[in-house]
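J.: Each chain, letter by letter, is given below.
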Amino acid sequence: MGRRFVMALAGNPNSGKTTIFNQLTGARQQVGNYPGVTLEKKEGISSRGGDEIQVVDLPGTYSLTAYSQEERVARQFIIEEKPDVVVDVVDTSNLERNLYLAVQLMELGVPVVLAFNMSDMAESRGLEFDVDAMSRLMGVPIVPTEGHRGKGIDEMVAAARKAAATACRPAEIRYGADLEQSIKRIVAQLNGQMPQMPTPQQRWTAIKLLENDAEVLATVKTATVQALVRKEQTRLEAVLGDSPEMLVADGRYGFISGVCQETVRSTVEARHTASDRIDEIVIHRFWGLPIFLGLMYGVFWLTFTVGMPPMEWIEGAFGWLSETVSRLWPAGSESLLLSLLVDGVIAGVGGVLVFLPNILLLFLAIAILEDSGYLARAAFIMDRLMHKIGLHGKSFIPMLTGLGCSIPAIMATRTLESRRDRLTTMLVVPLVSCGARLPIYALIIPAFFPQAWRAPMLWIIYVIGIALAILCAKLLRVTLFRGETVPFVMELPPYRLPTLKGIWIHMWDRGGAYLKKAGTVILAISIVLWALTTFPQLKDVEESLSAEAQQAEVLAHTTAGRIGHALEPVIRPLGFDWRIGTAMIGAFAAKEVFVAQLGIVYSVGEADEESEPLREKLRNNYTPLVGLCIMLFMLISAPCMATIAVTRRESNSWGWALFQLAGLTLLAYVVTLVVYQAGSWLGWGI
Amino acid sequence: MMHDVVRRPLSCVLPGSTVRLRGIRAGRELATRLSAMGFVPGEMLHVQCNARSGPLVVAVKGCRMILGRGMADKIAVE
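Chains A and B, in that order, give the protein sequences. Quick note on numbering: the first sequence equals residues 746 to 1431 in the numbering used here. Quick note on numbering: the second sequence equals residues 3 to 80 in the numbering used here.
Hint data in this document are derived by calculation from the structure and do not stem from the laboratory. Misleading hints may appear alongside valid ones.
With beta-carbon atoms standing in for the labels, derived distance ranges [unchecked claim]:
id : chain 1 : residue 1 : chain 2 : residue 2 : range
1  : A       : W1058     : B       : G18       : 49 to 59 Å
2  : A       : T1050     : B       : M46       : 43 to 53 Å
3  : B       : G29       : A       : G986      : 12 to 22 Å
Footprint (simulated), chain B over chain A, 3 or more residues, beta carbon under 8 Å [unchecked claim]:
id : stretch
4  : 807-813
5  : 915-925
6  : 984-994
7  : 1128-1137
8  : 1312-1325
9  : 1376-1389
The calculated SDA-like cross-link candidates involving lysine to any residue, where the alpha carbons are at most 20 Å apart (straight line), are [as the list claims (entries may be wrong)]:
id : chain 1 : residue 1 : chain 2 : residue 2
10 : B       : K76       : A       : D995
11 : B       : K76       : A       : H1029
12 : B       : K76       : A       : I824
13 : B       : K76       : A       : T1230
14 : A       : K907      : A       : G897
15 : A       : K1133     : B       : S13
16 : A       : K1262     : A       : A1387
17 : A       : K1133     : A       : S1163
18 : A       : K896      : A       : D923
19 : A       : K1133     : B       : G72
20 : A       : K786      : A       : I824
21 : B       : K76       : A       : A1387
22 : A       : K1133     : A       : H1029
Predicted model only: the values in this text are computed from it and were never measured. Every residue gets a Cβ at the ideal spot worked out from N, C-alpha and C, and that includes glycine.
When you get a sec, could you build the whole thing from the sequences and use the hints?
T.: Take a look at the structure:
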């Protein structure tokens, strides 16, 4: 065999494909309990049972039409790349709906193996299957699997190998006399016009033409076929009273219920599952929203109160480290290398790493929300509000994902059907405060606000972000993206107890990315910023000045000082000085850099004996009002470079990316200006 | 046989009741998407959640679906 054995994993959203993919390849792709976690196809290599298998995880789809991006990706891969076998991962607790995709795969004429996944869940719902009989009726091999426990995976691989080698013939779905007549006529016409097309594909093409599939219609350009298709469609609508699409869907479901009637036995009539009972409260008309806000508050309370002690340990460790490093140099010998290490690397990178515990806790909380299935509930609760602004509940899922990081959130907008909705959501997502901004709040809030106010303050900042996102979406919908709201339909997955392993993977993948960023990007930028804050050096300082004034003069002479001072007229009205100005510029590379740069600015050139923690320096230099304004500005302003790049990629236009950059920066400026000026005038927190 | 079953939109079905889907009054794309999710004529729908405003939760083929109100207006049931 010249080429590797290629196995594609297809299946409904949230059927557990990615869990099986991870089991097969040892990869650690994201999983979660809401539809639309896998958006792009992902590939991996598995060496189960002998030679290598190239495994391709396709995005979850309900069918193989050409209507949504995920479906197109999945279908194109199967038709064009011709994998040796397609394993359809079937959520057996939802058998009929899941088999709809299986039937379509069978029609495509590729070797299909069904993995009956989550059989434990189906069992608990009192469902019993006669797998052998079902396999016989459908003409495809069926293997029971339990993805999260790794059960049945080897058997699945073996069945896939066999199916690929023997080219088994799946059962043909019959659509009833009228439809079959139309199919036959179209096939005959295709045979005459395009004789090179293989026979099974002709039948599939005919069905797709009847279903008005845009992509298939485009491949069949001959006018005679198109005319015939239109004629048959009108005939069917007249005879049967439904659109051909509906009739085809009906035929497929008819076949499925025929199979299920003979092979599935339901032992208990479980109407009200535990999941439904929880939902009676969680998505309640009145309680839903308070519960959502309360859960969010809990998340921030957790990041602050639980995160504080380990944060202080790490802070202490870095303090000790910088003292130890300083002691390596004899007192009085002011070495540049020492300054680089202590003021640049330790103050910069260390300043960011200090917040790792808070970040991990935030990611832990998000992972629990994702894996339990709550995200889909949040979409339900927010739909009423989202509807008022011209979006629907589904747009809220990317926004919540944005609590972790804006980049996957912007990618998650792919699940939105209309381009208008997609662009609107994409442009406002950065307003939802991401994990990289948490260190800024975690630095500022304890510096200016008493203990009792810390968790509420953080919560307020996040709520302001979400509220602004919603407001801006509304603004966009009544100006640039006017139009009707697209109907909302989404699956509500049953609650699932998150597994420790799943949460661990989620938390560490994201936490690891934070660590990696600190060790690479932030380190590099810290060194650059240190250099900018050190050079050019001022040689003679007025000895008569106080130590503080001397330090200020030295800093003002450096590149960063000059840039900052040039900026000052612009940012002065916001209450910011030149130090904050340079930190804000650095933050465009990555939001955490803001914290790093403040650490650097406040440690370069400082007299060694008064080495107080950064927070105290901030408290001595700024008012609580300025603290609040810093947080507001960092919350709203220019998203980081990576976000702009991803917006450019997903919107396919630099225009929208730059619009996002400019719009958010302007909004940040205006909001902060109003808050600072009003606050100063009223005498708040000065 | 008496045929006095009333056709009405899904959006005005009380929570807790089970109704039969009759038709979807929507564009091709949407109708196809819905049918793939199990909303085909003749199917039984169990309305689980339906407040006076906001989305509905409907069980179809053993699976819970969130349907926007606008969407539910377009689905005829009896």
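J.: It remains to establish, for every hint, whether it holds in the given structure.
T.: Results for each hint:
1. A:W1058 / B:G18: 49 to 59 Å: For G18 (chain B) against W1058 (chain A), whose Cβ atoms are near 54 Å apart, the range 49 to 59 Å holds.
2. A:T1050 / B:M46: 43 to 53 Å: With a Cβ separation near 49 Å, T1050 (chain A) and M46 (chain B) satisfy 43 to 53 Å, so the hint holds.
3. B:G29 / A:G986: 12 to 22 Å: holds (18 Å)
4. 807-813: That given contact holds, which follows from 5 residues of the stretch 807-813 of chain A lying within Cβ reach (below 8 Å) of chain B.
5. 915-925: Violated: only 0 residues of the stretch 915-925 of chain A have a Cβ under 8 Å from chain B.
6. 984-994: That given contact holds, which follows from 5 residues of the stretch 984-994 of chain A lying within Cβ reach (below 8 Å) of chain B.
7. 1128-1137: holds (count 4)
8. 1312-1325: It is violated: at least three residues are needed, and the stretch 1312-1325 of chain A offers just 0 whose Cβ sits closer than 8 Å to chain B.
9. 1376-1389: Check failed, 0 qualifying residues.
10. B:K76 / A:D995: holds (19 Å)
11. B:K76 / A:H1029: At roughly 24 Å apart (the allowed maximum being 20 Å), H1029 (chain A) and K76 (chain B) break the hint.
12. B:K76 / A:I824: Roughly 34 Å between the alpha carbons, so the hint for K76 (chain B) and I824 (chain A) is violated.
13. B:K76 / A:T1230: Roughly 14 Å separates the two Cα atoms, so the pair holds.
14. A:K907 / A:G897: holds (15 Å)
15. A:K1133 / B:S13: holds (18 Å)
16. A:K1262 / A:A1387: holds (12 Å)
17. A:K1133 / A:S1163: holds (17 Å)
18. A:K896 / A:D923: Violated: K896 (chain A) and D923 (chain A) sit about 44 Å apart, past 20 Å.
19. A:K1133 / B:G72: It holds: about 12 Å lies between the C-alpha atoms, which stays within 20 Å.
20. A:K786 / A:I824: With a Cα-Cα distance of about 14 Å, the restraint between K786 (chain A) and I824 (chain A) holds, given a limit of 20 Å.
21. B:K76 / A:A1387: violated (41 Å)
22. A:K1133 / A:H1029: Distance of about 19 Å is within 20 Å: holds.
Violation of the numbered hints given earlier is confined to hints 5, 8, 9, 11, 12, 18 and 21; the remaining hints are satisfied by the structure.
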